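The listed protein sequences correspond, in order, to chains A and B. Taking our numbering, the leading residue of the first sequence gets 1, the next gets one more, and so forth. Taking our numbering, the leading residue of the second sequence gets 1, the next gets one more, and so forth.
I should point out that these hints are in silico values taken from the structure, not numbers from a laboratory. Computed from a predicted structure; not experimentally measured. Among the hints, a few may not be true.
Claimed, not checked - Here are the simulated SDA-like pairs of lysine to any residue, each with C-alpha atoms no more than 20 Å apart in a straight line: (1) B:110 / A:257; (2) A:308 / B:117; (3) A:308 / B:121; (4) B:85 / B:97; (5) B:110 / A:249; (6) A:308 / B:115; (7) A:308 / B:120; (8) A:308 / B:97; (9) A:27 / A:104.
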Amino acid sequence: MEGRGIRRLVTVVTGFLGSGKTTLLGKVLSEPSMANTAVLVNEFGEVGLDHHLLRRVDERTVLLGSGCVCCTTREDLVGALLELLGLDERGEIPRLDRVVIETTGLADPAPILYTIFTDPVLQHHFSVDLVLTTVDAVNGDLHLDRNHESLKQAAAADKIVVTKTDIAEPSTVQSLLSRLATINPSARILEAAFGEVAVDELLSPGDARAPTGPELILPGPDDLHDVGDTHSVSVTFDRPIDWTAFGIWFSMLLHARGEDVLRVKGFLDVGGAGPVVLNGMQHIIHPPEHLDGWPDEDRRSRIIFITKRIHPEELLASLERFRELLGARPVPLGTEHSVSLP
Amino acid sequence: MWMALGVLLLRLRSYSMCVLCGQDFVAQVHWTDRHVEDRARASGPGNDPVEYQRDRRRDRGNRTALTNEVLRHYGLRVEDWGGSKYVFRDRKGRTELVQHLGALWPAAAKLAGRTPDPLDPDLFEALSGAHRDHGG
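Using the sequences and the hints, build the whole thing.
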């Protein structure tokens, strides 16, 4: 029941209206390696998708009593995923390896993760491996300026696919790439001119849970950290931290300011043989994995916070004040560091 | 039989990842409790339920001690309640039962009349005072 090996992977594809989600999906699904992939879409759209395991779901949400929007159960997804699971377990479809969920343009991907993490059945049979966000090179800047959902989608991404780079001005593309890297330094950014993207590169490795990741040059302390009221800061610690104390600090932070914590991702050295993989967005935390070993030679904690309205200085000051409980002092990472994130 | 029961309990537990909602779902394991469950699972079906309980008690003891360092600022105290829940007490003697850290902060906010915020400079002062008291 609990083995990671038999959990079907779930890939969430999100992106603003017209940003090329369906075109990207069409390309991905045409690959022979995707034959055992099911697809859940909210609408069929103008670009026809031809796939034997295509299902349309009508978004039905159940908002929990707290009023927290990210902690919303998507009943439609529960039903669709349970149906796929039943078909797979009864052998009525070829083996199901992966489910791709395409969100609507305005969707916040957090409720999809919440649904899979909390459903008593789904959590044992599915795991979210990747959030892919498409951003249109022509209109991406405008969407990021005007729509908070677009910003959340960029922050939530493990990989960002910048589409329509073939019809945008090169300077516009460069400016957008730079802005996206600033909003979400932990995401791998891929360009997809003419809808073409390397599917292998798109889907693996560097997924949300795997202990390997792209090499990342983090922005320095004085530049590129802030985009409007969105900030990011990368932190390490001078020694292993107390995981229980970190859980107290972080759960307290998420309760008080979770909607402003757009993304948290990283490795934490808790004194074990390997790190803890931390990955969350808003109030939703992936089940933290305690790895048996480090993925590379860098054995430092390294964690990135992408926040809205919370300044990096505030986070660092808070961690500094909690240092006695944490058992370690926080150290901001700067330009001289090149680190891998999960 | 105890061993079988231990394995059964591990399988029945589900994970909740929302720290805001803190809803009291049946047999819920919060993300902050996950490592204890993982250690038990890693030892396989033949895991020793006594060792699992000992590990869990140790972890909960450490958690209540550390949490109380923070809660002191809000006039609250938390204790382990039979190894299954935590009980909150304020200075007026009011109590509240919670399942895990996710539910702890909403309960603390209710009893304290304000939301505990780790970014609050007043809390920083209190923590500094606590460290001085402990010779930190």
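Which numbered conditions among the earlier hints are violated in the structure presented, ordered from lowest to highest? Violated hint: only 8; rest satisfied.
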